[in-house]
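Given these sequences and hints, build the entire structure.
Same order as they appear, the protein sequences are chains W and S.
Counted the way this note's numbering counts, the first sequence spans residues 187 to 458.
Counted the way this note's numbering counts, the second sequence spans residues 3 to 643.
Since the hints were derived computationally from the structure, they do not count as laboratory data.
Note that the Cβ used here is the ideal one computed from N, Cα and C, for glycine as well.
Accuracy of the hints is not assured; some may be wrong.
[As the list claims (entries may be wrong)] EDC-like cross-link-like pairs, simulated, lysine to aspartate or glutamate; straight-line CA separation at most 20 angstroms:
(1) S:528 - S:455
(2) S:103 - W:429
(3) W:238 - S:248
(4) W:217 - S:558
(5) W:277 - W:407
(6) W:238 - W:270
(7) S:103 - W:407
[As the list claims (entries may be wrong)] In silico contact screen, one side only, chain S against chain W (beta carbon under 8 angstroms); selected entries:
(8) 252
(9) 301
(10) 316
(11) 332
(12) 603
[What the hints assert, rightly or not] Sample of chain W residues with no beta-carbon within 12 angstroms of chain S, all distances over it, derived:
(13) 276
(14) 303
(15) 306
(16) 309
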Amino acid sequence: MSSLDQQHLDHLDQLEAQSIYILREARVRLKRLGLLWSLGKDSNVLIWLCRKAFLGELPFPVAHLDTGLEFPESYEFRDRYTKEWGLNLIKDECPPIEMTDPTLPPGTRVAARKSLGLAAALEKYQFDGLITGIRRDEQATRAKERIFSPRGLDGSWQAANQPPEFWDQFTIERAPGTHMRVHPLLAWTELDVWRYIQREEIPLVPLYFAKDGKRFRSLGEIGITFPVDSNASTIEEIIEELENTRTPERAGRSMDHEAEDAFERLRTTGYL
Amino acid sequence: MAPAATLAAPRAEAPVLAPRKAQAPYPIVIVGHVDHGKSTLIGRLLHDTDSLPEGRLAELQKVSSQRGLELEWSFLLDALQIERDQGITLDTTRIWFKTAKRPYVIIDAPGHREFLRNMVTGASGADAAVLVTDAERGVSEQTRRHAYLLSLLGVTKVIVAVNKMDLMGHAEAAWQAVKDEVSAYLAKLGMQPLYVIPLSARHGDNIATRSQQMGWYQGPTLLEALDLLTPPAGRADATFRMPIQDVYRRGDRRMAVGRIETGRIRLGDKVEIAPTGQPATVASIDTGRGDGEQFARAGQSAAISFIEDAALARGQIIAPAGHMPHLALALRVRAFWLDSEPLVVGSRLTLRLTTAEHAVVVEKFERIVDVENLNDADTQELGQGGIAEIVLRSAAPIAFDPHTDLPITGRAGLARGTRIVGGAVVLGAAENAASVKGPVTAVDSSVDRAAFEARNGHRGGVLWLSGLSGAGKSTVAMGAQRRLFDDGWRVLVLDGDNLRKGLNKDLGFSPAERLENVRRVAEVAKLMAENGSVVLVSLISPTAELRALARSIIGDGFHEVWVKADVNTCAQRDPKGLYAAARDGKIAQFTGVSAPFEAPTSPDLVLDTAEFDIPTTTELLIAHIRRNLALDQADGHAVGI
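Okay, here's the thing in structure tokens:
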């Protein structure tokens, strides 16, 4: 018996295998899949896993909900890897801020443009399944999510009435006009994502790495995403930093903190 | 605007054993009756192990005081507004922490009976459970129900927390009473608690620090008990099972993809594919680790190809040669039910056993369990949250393992349509049921399919026309048959009404008989299609389950055609006078009037006879058949146009 045969599956192997299982299940059960690519580390991991799951191909489109407010480094990254990974990229512009709910706090309104962009993409491309990179450890309402999460006609999340999900048996409702969110990274933590990026050598937007004492821990739009103080300029240093930090990952995201329920309101109306 | 957040300097008390490599967090579910203190216990556990993220305690204090409450630990997990406003946990959630020994993920589960589906969702992901009980009130209804569900979910490592000891003066007798009660109940389920810990979550006694008030207790604190749990045994040494999730084609190679649930496999291994038992030899293995993979093992998602040209399909189970799963047409299962609409004898369900889906009918309840005392309940239906032993009957053989042998291929989700509404562990094949005695060896036809098809100039296939009575199924089928026949096609019509005068004349219209009706027609259609014929089936087949059954029997050549017309249009046409009779109550269970018709959600073809006339819809059907079944010129035979 070879050493590989005896080798125990480690934690990253288990996470990878489970995510691949979920992606393949989505492909069997949903006809018009799309993957939401924020250009951030988590959705890069997602694309990486898709290419493994589908034996080197990505058999559905990848959508970047473009607000026009990404960092230049992010656009550069998008254009390079769209080519390199052979992605079928959708990059429609999100509707302007004037179209968002004016009762939301300002930073939340910027994020709400993405919800509108998402609704427009759903309408235009008729997706019945959207794969996104959200994780339970990011945020308390995301911790309550299902792996296959049904959305209502208006894209809304029925947080208080979710289907049971056990033994990898998923409820997949496909009422006309509605879609499912698929969350292959739900069980991963921020550290898992970084360790996997390290192991697989997955490329990233360079803004994650410290420059002049600052780095982005969570990457979003200019104006509502802020860098944190850090000297971690390599993946190894980032992993070490995260093993010892007590600051939450999304501390640099203003929309999470403007009101107690700001993020939940975003989410129940269709945000990721 | 939020200021730039600062990453804190490393904590003063550096972790004793910071794992350098990613270590899987040990998943623990916290269960128990509502108000026995689950959320408070978790909050306290995180606080006392110094695991709360920065700013979280302050945020908790703020939202608690906004609601006029003292520090409310439950808000840590009850993140939804409705949960905070109503003071209850609706849904399961997860939170991470670590001890010096290892990381954990704590799964919180709601205690209300109406949120049992969420409790099951949470608990199914756990390796061990903390069952929280109340020292004052003892074991309550949901304590028992949760314990029973833990046993069905296979979560048998249970730590019992006897909470609120402060309300009982920290008296040993109070702890002993709960300990005796809960141990007796668990024993009836074949479980015994690993530890029964007296504690007070509100004050932090025996959570992370030993209680000063309960010197009489010699056992571990909750945190110590967690660190004493042993990891689950690996599944790689069990018998090999890989349920097929999908079939991918790469070049001319077909690969079965899926997750290896148990055992291991290597290149050259001889396998059998259940339920048909066809033999195959492993030619390649791909788990995404690069070229030249030789092995794969339990837990990995793999793509496997075979030397032989095996017929692969989702729902089959790859097993070692000579070690196939059992096969049966009826199963005894122990089930839990989560739907608000009760389960009764005759209910139709989809049994989802790994990736296989079987249309089944509840044949009988062997017993419905009274969860209070584990005696037989005096009821004929299984309500929400109920547990029962049931016989489920299928039209096609089900491949399974008894759950005591191999848990993963011995359990199943129960679905109504696409909704998961319950779960079941398989006890075995039902007694007196006509079990299939091993794989049946088929005799090969002396003329193979390709030869039939070359002579006919077209492929064989089945066009399954479903729709209401009067929608025009038979008319369209007969019209298409005539035209194709005139063009030299080999084409047959299987008409539901005609078949009920012969082959199916012993069958009525109960759910089980409709299932058998569809099964027979599908089997006959399949035989004809295999001999190169185009078969037009005209059958109401009112439910998605019935059509799924037909699809599963016929396989690749199955085309679902919805002959669409609304019930009013059909009733106006009423060619056989059936609608009038049904309205007069002369026909029970008449589809569209007194029995439902589930519209196909993703048919291969829709023929809308209310919108278009019969010649047009007939043309559409013919065009679909030519497009899908005619052989190309390159295939060596002219297409009959």
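The hints, checked one at a time:
1. Restraint check: the Cα-Cα separation between residue 528 of chain S and residue 455 of chain S comes to about 15 angstroms, which is no more than 20 angstroms; the hinted pair holds.
2. Straight-line distance between C-alpha atoms of residue 103 of chain S and residue 429 of chain W comes to about 15 angstroms, which keeps the hinted pair within the 20 angstroms bound.
3. A C-alpha spacing of about 14 angstroms is found between residue 238 of chain W and residue 248 of chain S, which places the hinted pair at or below 20 angstroms, so the restraint holds.
4. Simply put, residue 217 of chain W and residue 558 of chain S have alpha-carbon atoms about 17 angstroms apart, close enough for the 20 angstroms limit, and the pair holds.
5. A threshold of 20 angstroms between alpha carbons decides the hint, and for residue 277 of chain W with residue 407 of chain W the separation of about 15 angstroms falls inside it, so the pair holds.
6. At roughly 15 angstroms between alpha-carbon atoms, residue 238 of chain W and residue 270 of chain W fall within 20 angstroms of each other, so this suggested pair holds.
7. Distance check on the hinted pair: residue 103 of chain S and residue 407 of chain W sit about 39 angstroms apart at the alpha-carbon level, beyond 20 angstroms; violated.
8. Hint on residue 252 of chain S holds. Least Cβ distance to chain W is approximately 6 angstroms, under the 8 angstroms limit.
9. Because the closest C-beta pair between residue 301 of chain S and chain W is about 5 angstroms apart, less than 8 angstroms, the hint holds.
10. The closest approach between the C-beta of residue 316 of chain S and any C-beta of chain W is roughly 7 angstroms, which is under the 8 angstroms cut-off, so the hint is satisfied.
11. Interface hint status for residue 332 of chain S: violated, as the beta-carbon distance to the closest one in chain W is roughly 21 angstroms, over 8 angstroms.
12. Taken as an interface hint, residue 603 of chain S checks out: its beta carbon lies about 6 angstroms from the nearest beta carbon of chain W, inside 8 angstroms.
13. A cut-off of 12 angstroms between C-beta atoms confirms that residue 276 of chain W is not in contact with chain S; the least separation is 23 angstroms.
14. For residue 303 of chain W, the non-interface assignment is confirmed: its Cβ lies about 23 angstroms from the closest Cβ of chain S, beyond the 12 angstroms cut-off.
15. Its beta-carbon lying about 24 angstroms from the closest one in chain S, residue 306 of chain W satisfies the requirement of being farther than 12 angstroms from that chain.
16. Its beta-carbon lying about 20 angstroms from the closest one in chain S, residue 309 of chain W satisfies the requirement of being farther than 12 angstroms from that chain.
Hints 7, 11 from the earlier list are contradicted by this structure; the remaining hints agree with it.
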